[in-house]
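Please model the complete structure; the sequences and the hints are all you need to start from.
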Amino acid sequence: MSDKAAIDHKTWFTPFNAISGTIIIIGIVISILRFTVGLGAVTHLSDDNPWGLWIGFDLLVGVALAAGGYVTSAAVYLFGMKKFHSAVRPAVLTGFLGYSLVVFALTYDVGRPWRLPYPFIMQQGTTSLLFEVAGCVALYLTVLFLEFVPAPLEWLGFKKVRELAVKLTLPLTVLGVVLSTLHQSSLGALYLIAPSKLHPLWYSTYLPVFFFVSSIIAGLSMVIYESALSHHYFADKMDAAHLQESEGVTLGFGKAASLILAGYFTIKVMGIAGGDHWHLLGTPYGLWFLVEMIGFVALPSFLYAVGVRNKDVTLIKWTAAWTVLGIVINRLNVSLIAFNWHLPSARRYFPHWMEIATSVFIVTIGIVLFRFIVTRMPVFYEHPEYKD
Amino acid sequence: METIYYTYQDFYTHTKGILYLLMIVSLFGIAGFWNFLTGKDDDNKENE
Chain A
1 MSDKAAIDHK
11 TWFTPFNAIS
21 GTIIIIGIVI
31 SILRFTVGLG
41 AVTHLSDDNP
51 WGLWIGFDLL
61 VGVALAAGGY
71 VTSAAVYLFG
81 MKKFHSAVRP
91 AVLTGFLGYS
101 LVVFALTYDV
111 GRPWRLPYPF
121 IMQQGTTSLL
131 FEVAGCVALY
141 LTVLFLEFVP
151 APLEWLGFKK
161 VRELAVKLTL
171 PLTVLGVVLS
181 TLHQSSLGAL
191 YLIAPSKLHP
201 LWYSTYLPVF
211 FFVSSIIAGL
221 SMVIYESALS
231 HHYFADKMDA
241 AHLQESEGVT
251 LGFGKAASLI
261 LAGYFTIKVM
271 GIAGGDHWHL
281 LGTPYGLWFL
291 VEMIGFVALP
301 SFLYAVGVRN
311 KDVTLIKWTA
321 AWTVLGIVIN
331 RLNVSLIAFN
341 WHLPSARRYF
351 PHWMEIATSV
361 FIVTIGIVLF
371 RFIVTRMPVF
381 YEHPEYKD
Chain B
1 METIYYTYQD
11 FYTHTKGILY
21 LLMIVSLFGI
31 AGFWNFLTGK
41 DDDNKENE
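So the sequence lines, in the order shown, correspond to chains A and B. Taking our numbering, I'd label the letters of the first sequence as residues 1 to 388. Taking our numbering, I'd label the letters of the second sequence as residues 1 to 48.
A portion of the hints provided could be inaccurate.
[As the list claims (entries may be wrong)] List time: in silico DSS-like cross-link candidates among lysine-lysine, alpha-carbon distance up to 27 Å: (1) A:82 / A:160; (2) A:82 / B:40; (3) A:255 / B:40; (4) A:311 / B:40; (5) B:16 / A:197; (6) A:83 / B:16.
Source of the hints: derived by calculation from the structure; they are not laboratory data.
In structure tokens:
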């Protein structure tokens, strides 16, 4: 065996490739089952629970965690916080991949996926929240693509097209903030239609506000968490400016997340007071609600504050991971755990293992694409020919 | 224990009353938290 062949063999058979390859093969098999036999073969969805893990996790969590794109772009281009500039491209890439995978996951969940464009050509009326969500997600995915496109254009060497794309940055950022405000809140508003199905501690007429405010927290925390992981795995791809600004990004975003978490905690308490649901806090669902509120909202707010005060970057990074987990729990509580809470356990929903495997498959595709892109395109560094 | 209300007037008088009190507490609470969050900013700047 030649040396080159030995190196190739060594390069391809890594633990990452082996694990992600296995997951992708299993995912492809399940995908074939899903699209040939139907939803019933791979899910536990029913008339009681027509929305399951693919909506609760892939869509609601996916959209929330992809909020880093608009949060970071707004901070840098609208509020003039240029010291966070190096965080924009990784955040926009995470947002773009996140939204792409949300749409990809929707093709699995929608019974007739070829009808996904229907809202734009034969919808039932513009007052539909699903129409609003569909419109915003489609437009925002386009915006994220245009925001990220300078990186592949620099990689491919298309200078003139890249210049045009860069000129669009500011209007695209404004559009991104507007569209995100609309659909992040609308995803919460979807559940306003089911006041009798969602547990009163999670149901509130302020659900759209809760979803929007928590999406900002998710975006900030995801940028910190993604940055921590990237520094661990892709440090060799980062230029000096990126490495230098990294601590400032973590401290700045940690401070913002701490304050917004405190505000979020306050409006959630107002939600309980407004509905006079104090007596429900002593029930099993109430205790789970307190775990979410104290463990995943109040605690990270305090830990972020301690981290910022003491400039403890490690504490902030761990808190970011904890907060991301809290957002996942919140979205699953609203869509699955506290939904249909009054039904007998036999009629409650628990995802089929193939639903879980599909979600893992979709997340794995995201990680593989992220890795593919950042190892080739100027995401963590400025391209030497485009230092503007 | 759940309070029983006989009219919407009773319900809103009670819940709005609690909400207004909570808003006053929140105003002071958030201001105090902001002080805690930024308390060391000046010290950190001086050290730099």
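Hint-by-hint comparison with the structure:
1. A:82 / A:160: holds (25 Å)
2. A:82 / B:40: Roughly 23 Å between the alpha carbons, so the hint for residue 82 of chain A and residue 40 of chain B holds.
3. A:255 / B:40: It holds: about 12 Å lies between the C-alpha atoms, which stays within 27 Å.
4. A:311 / B:40: holds (9 Å)
5. B:16 / A:197: holds (25 Å)
6. A:83 / B:16: violated (43 Å)
Figure legend: structure checked against the earlier numbered hints; the only hint not met is number 6.
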